[in-house]
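Engineer: Given next are the chains, with one letter for each unit.
There are 2 protein chains.
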Amino acid sequence: MRVSRVGRSGEMGNTTVVNDGRGSQGEAAHEAADDGHGAARGERVPLVVVSHRGPVRFDRDAGGTRRVERSGGGLVTALLATLPTLDRSRFDPIWLCAAATDEDRAVAAEQGTEPIEVDGVPCPLRLLAPDPEEHERFYASFSNPMLWFIQHELWGLATEPVIGRAEHDAYRHGYVPVNQHFADAVHTEIERRGARRPVVMVHDYHFYLVPGLLRSLHPDARLHTFVHVPWPQADAWRVLPAEVRGALLHGLLGNDVVGFHTHRYARNFLLSCQELLDMPIDLRDMVARLGDREIAATWSPLSVDLTRLEEEASRSPVPKRRREIVESRREHLLVRVDRSDPSKNIVRGFLAYDLLLERHPELRGRVTFLALIPPSRQDVPQYARYLLEIRETADAINERHGRDGWEPIDLRIEENFPLALAAYQEYDALLVNSVADGLNLVAKEGVALNERDGMLVLSENAGAYEELGAFSLAVNPFDIVQQADALHEAIITEPRRRRGLLTTARQVVEHNDPARWLDLQLEALERHTS
Amino acid sequence: MRVSRVGRSGEMGNTTVVNDGRGSQGEAAHEAADDGHGAARGERVPLVVVSHRGPVRFDRDAGGTRRVERSGGGLVTALLATLPTLDRSRFDPIWLCAAATDEDRAVAAEQGTEPIEVDGVPCPLRLLAPDPEEHERFYASFSNPMLWFIQHELWGLATEPVIGRAEHDAYRHGYVPVNQHFADAVHTEIERRGARRPVVMVHDYHFYLVPGLLRSLHPDARLHTFVHVPWPQADAWRVLPAEVRGALLHGLLGNDVVGFHTHRYARNFLLSCQELLDMPIDLRDMVARLGDREIAATWSPLSVDLTRLEEEASRSPVPKRRREIVESRREHLLVRVDRSDPSKNIVRGFLAYDLLLERHPELRGRVTFLALIPPSRQDVPQYARYLLEIRETADAINERHGRDGWEPIDLRIEENFPLALAAYQEYDALLVNSVADGLNLVAKEGVALNERDGMLVLSENAGAYEELGAFSLAVNPFDIVQQADALHEAIITEPRRRRGLLTTARQVVEHNDPARWLDLQLEALERHTS
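These protein sequences, in sequence, are chains A and B. For the first sequence, this note's numbering assigns the number 1 to the initial residue and increments by one for each residue that follows. For the second sequence, this note's numbering assigns the number 531 to the initial residue and increments by one for each residue that follows.
Bound conformation, chain A alone:
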C-alpha cells in the first residue's frame, strides 16, 4: 500500500505527489486495532466525519498517474487543521465525502478507504459517488439554492420560491436518497469497526437527514451535526412543505448535539423545534426534548488555521501582489473579499461607498475601494443577475465620481486568493456587510493578517459578530447611511484606537483555534451522552 501525501509545496499549497492509487481497505494500524468489538476492549473510538466537500480531490496527470490535490474552502480548511490535534490513541477517524471529479468517482468505485496524508498527518478517507441524477437534484436543486436561500433568508417570498413538481422531486428523489446513501456508508464504517458508541460528526446543510437515519440503527452512537450556515427563525422554514421541514428537523434531532457558530442560531434552532414540531424546549439549558431523549444546541464559531494562513501570506506571489497594492494605493484603502453571492450584500456596500463620496467630497481621489469578487454559481439565475448588478453599480459609481485617473472602485471579478491575502495585509477598512452569513471567515482572516491597524466594519447579521462585534464598527446590512458613516469613521478613527481594536480582535481569533473548536464539540458530545 502506498500512501497519498498532500503537502504544502506549490503555489497556494496546492497539489503534490501521490501514489498510483488503487485504494486499499484502510490503514494497517486501524485494521489491526478494530477487528472485533472495540469498545469492550478499551480500543479507539471510531470517529466518522461526514461532509459534502472532501479534504482532497483526485485527478490524473497527462501521463495517467493519479494525483491528489488539497481542496479549499473554510469548512475543509478548518477540519484539516483539527486533524493533527485529534488524539489518535482515543479516536480512529474516517472522513466520508462526495466524489467531485471523474477520478474521485474512480476512487469511490474502488470501494476502498484511501490512506492519504495531508501535511504529513494521516487522513483516512472514503469517497462516495451517489447516482449522478440524484446527486444533481440533491445538490443543484435542493441544497443549493433551496436550503441555502432559506437559511440565508434570501427568498423574495412574494414571488419566490414556487414549490412545484421539480422541487418536490429534488427533495424526494435527490436529497432523501443521497442522505440515505451517506447514512448507509456511515453505517458500513461503524459496522466494519465493530466498536460501540461510535462518534459521528456530520457537517452542514447537505446531510440533515443522516443523523435521524443513523439513530434508529445505532441507538448508542454519539451523533453531532455542525451547521455552517445561519439557522433562521422558524417562519423561514415554513417555505417548505410541512412534511419536508418536519423531516429535516427530525433528521437533525437524531443527533445528541447540534452545533452552530452562534448562540443566536442555536436559539433559533430550538425555537424552530418548538414552533414547527410543538416540542418542549429549554432555552436556559439549551435543549429540546423528544420522548426520553434530550438534544442539545451548542455554539462554537469556526476557526481559521492561522499558522497555515500566515505561511500562505508569506509565500509567493503574495508579497508581489502586496507591492502592487502599495504602489497603486491612495491614502485610504477600503477592501472587501466576497463570492458574488447575494447574501454578501456587495451592491449595498457600493451604494454606501457612493454615499460616502457624495457626503465627503474631500475623500475623492484619496480613497480606493478594492473589491475582490470571485464569481459564484453562475448557473443559478439569481446569481447571474446579482453579478450583473454588481458590475453595473460599480460602473455607475466610477462614472459618477472618477476623475484624473482615479477609479473609485477597483472591481476584480476573479478567484485570486494571493491578492486577497495581500489586501488583508494592506486594508485600512475591511467591509463585511453580509445580509446573512453563517460566520464569515473573511472578517477573521482579515483581522489575523492586517498590518495597518485596519478597522473592521462588520454586519450585525454575520455570525462573526458575536465574537468580533465589540472590536469592530457594527453595521446594519440594509442601512447604507449607517454603512457610509461607518466607513467614514473607520477612516478618521485615531491610530491608537484602531490599534487597540485590531489587537483585541486578533487575540479573539487566535484564542479560538481549530483545536479548541473541535474540543468544544467533542466535549459537548461527551457531556450530553454520558
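Because the hints were derived from the structure by calculation, they are not lab data. The structure displayed is predicted, hence computed values, not measured ones. Note that beta-carbon positions come from the ideal geometry of N, C-alpha and C, so glycine has one too. Keep in mind that a hint or two might mislead.
Stated by the list, open to error - Examples of chain B residues toward chain A, derived with CB under 8 Å: (1) 762; (2) 764; (3) 1006.
Stated by the list, open to error - A few chain A positions that, by computed beta-carbon distances, are all more than 12 Å from chain B: (4) 134; (5) 233; (6) 241.
Unchecked claim - Label pairs and their calculated CB-CB ranges: (7) 494/A to 631/B: 54 to 62 Å; (8) 1060/B to 494/A: 50 to 58 Å; (9) 692/B to 131/A: 37 to 45 Å; (10) 692/B to 140/A: 29 to 37 Å; (11) 925/B to 219/A: 52 to 60 Å; (12) 131/A to 936/B: 39 to 47 Å; (13) 615/B to 172/A: 49 to 57 Å; (14) 496/A to 750/B: 23 to 31 Å; (15) 810/B to 278/A: 21 to 29 Å; (16) 692/B to 293/A: 43 to 51 Å; (17) 503/A to 810/B: 29 to 37 Å; (18) 808/B to 530/A: 27 to 35 Å; (19) 810/B to 120/A: 48 to 56 Å.
Keeping the supplied structure of chain A fixed, place chain B upon it in accordance with the hints.
Structural biologist: Only chain B this time, still in chain A's reference frame:
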C-alpha cells in the same frame, strides 16, 4: 348643532345626507358630563380610539353642501360594528383619525369634534390633518411599504430594501411627527375630559409610537394597541436600523396590552422584545417585563359584521350579479377575492390552478376560476409589477388550456364588492393562499355567505387559520402542488363533509362577533390594569 347621520340607504351602504357641517365642540351629553375630574365622581371613562382611516369621509356635493360617506375596509367596518355594543353609561368614546379628503381637512381645521351618527349610533369623531409632507412620508414611504413589507415578510432581502437617506427621513420627519401629532391630540382629548384612568385604543401599524408618547404623560392611562397585520419573527425587524426598531417596540411597550389576531403573532411580539431589546418575557403568562411594568400580549381575531354583510348581500345589485354568475358558471366554480397585493399570492394560486388542469384534463371545460382583484397601490413599483404578472400569468393559462369558448380564468381587475358578495354565495371552492395575512376577512366573509357548501382552501400563514384551519383544506402558500391537490380535493369532496365543514366554520365566525372582539380587548385591559 346638527348631527351628521350616515345610514344604510344607497347602493352598498354608501353615503347619505348630512348636516351643513360646521363642527361643534363635541356632543352636548359629553360636555355636560365631563367638566371636572370624571373618575372621582364615578363618571364615564373616556375611551379614545385612534386609527388612520376614519369611519366616514366628508365631501361637498355640487351644490356646496357638506356630505358624509361611510368608509370601507375591514378595520373600520369591525370598529363601527362595535359602536352599538359599547356601554355608553361606562364609556365616553371619541374616535381620532386622519383627514383623507379636502373636506376632511376643512373639518379638521374647524378643530371641533364632529357629532356624527352612523346607522343611528352616535360616533363622536375628531379628524386630524398633519402636515401634508410629513403625512406623505409617514404614509407612502414609511408605513407603506416599509412596515407593511416587514410585517408581511415581502422584502427580497438580497436587494431590498435599501435604507438610504429618504428612508431615514421618512421615519424621522414623517412617522415620528405624525405619531407625535396624534399623541398630542389624544392628550388634548384626555385633558379636556379630565377623568382619570382614560382608555386609549390605538389601531394598527401607523401608530406604534403613540402609546409610548402617552405613557409618560398619563401614567394611569389604560393603553391598548391592536395590530391588524401579522407580527413577524424578530429577525424581520432587523431590516430597520437598531434605533428605529427599538423605538417602535418601546412605543408599543407604552401599552398595557398589545392585541393581535393570533397567538402566533402575540408570541412573536414577545420574542421580539426578548431578542431585540433583551427584555425578560414569560411565554406562559404572555407578558413582557419592563422595569416594574408588565405588558401583556393577547389575541382575539377581528370579526366580520354578519348582520350588515347579510343585509348588503341581499340588496341590489348583488342578486343580479349572482344570477349572472349562475347563468355563466360551469360545473365547478373556484373563487378568489383579493387586492392585487403581493402578500395575497395571486400568481402562485394561478400556477396551482394551471397544474390542476394539467393533471386533471377531465376538469377542462367544467371549471371556472373567477378571480376578483381590486387593484391596489399602483403608485408603488412592486405593486404595479405584481399586477402585470397577475395579468400575464392568467393570460398564459387561458391561452394554454382555453378552448370552445371556455375561459379557464375569469380575471376581473376591478373594485366590485357586489360581485364579490355574489361570488361568495356561489363558490364551490374559495382560495385564500396568502403568503402572509394578518387575518384575511375574505375567508370569513365567504364562509358566512356561501350557499353551495363550498370548501375553503386556506393558507396556513393567514391569521384566520387559527380559527378556521380545522374546517378548511390547509395549504402551504409556496407549494403549488399541494394547492392544486387541495383545489381538486375541494371539488371532489362528498357533499355531507362539505356541508359539515362549512356549517362549523360559519358557527365559528358567528360566535366571534364584533361585540365579543371588543369585549375581549376591554377585558384584557381591565385584567392587566387592575
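Engineer: Determine for every hint whether it applies to the structure shown.
Structural biologist: Consistency of the hints with the structure:
1. Evaluation of the residue 762/B hint against chain A yields a held restraint, the C-beta minimum of about 7 Å falling below 8 Å.
2. Interface restraint check for residue 764/B: the shortest CB-CB distance to chain A comes to about 7 Å, inside 8 Å, so the restraint holds.
3. The beta carbon of residue 1006/B is positioned within 8 Å of a beta carbon in chain A (closest approach about 5 Å), and the interface hint is therefore held.
4. Non-interface call for residue 134/A relative to chain B: holds, since the shortest CB-CB distance, roughly 20 Å, exceeds 12 Å.
5. With 12 Å as the threshold on Cβ separation, the claim that residue 233/A sits away from chain B is violated: the shortest Cβ distance comes to roughly 4 Å.
6. The non-interface label for residue 241/A is inconsistent with chain B: the shortest C-beta to C-beta separation is roughly 5 Å, within 12 Å.
7. Between residue 494/A and residue 631/B, the C-beta spacing of about 57 Å keeps the proposed range 54 to 62 Å intact.
8. Residue 1060/B and residue 494/A have their C-beta atoms about 56 Å apart, which keeps the hinted 50 to 58 Å range intact.
9. The given range of 37 to 45 Å is respected by residue 692/B and residue 131/A, whose C-beta atoms sit roughly 44 Å from each other.
10. Taking the beta carbon of each, residue 692/B and residue 140/A are about 30 Å apart, inside 29 to 37 Å as hinted.
11. In this structure the hint that residue 925/B and residue 219/A lie 52 to 60 Å apart at CB holds, the actual value being about 57 Å.
12. At roughly 43 Å, the beta-carbon separation of residue 131/A and residue 936/B lies within the given 39 to 47 Å, and the hint holds.
13. The beta-carbon spacing between residue 615/B and residue 172/A, approximately 52 Å, falls within the hinted interval of 49 to 57 Å.
14. For the hinted restraint 23 to 31 Å between residue 496/A and residue 750/B, the CB-CB distance of approximately 52 Å leaves it violated.
15. Look at residue 810/B against residue 278/A: about 24 Å separates their beta carbons, and that is inside 21 to 29 Å.
16. The beta-carbon spacing between residue 692/B and residue 293/A, approximately 46 Å, falls within the hinted interval of 43 to 51 Å.
17. In this structure the supplied range 29 to 37 Å holds for residue 503/A paired with residue 810/B, their Cβ-Cβ distance being about 36 Å.
18. About 33 Å separates the C-beta atoms of residue 808/B and residue 530/A, a value consistent with the hinted range of 27 to 35 Å.
19. Separated by about 53 Å at the C-beta atoms, residue 810/B and residue 120/A satisfy the suggested range of 48 to 56 Å.
In summary, the numbered hints that this structure violates are 5, 6, 14.
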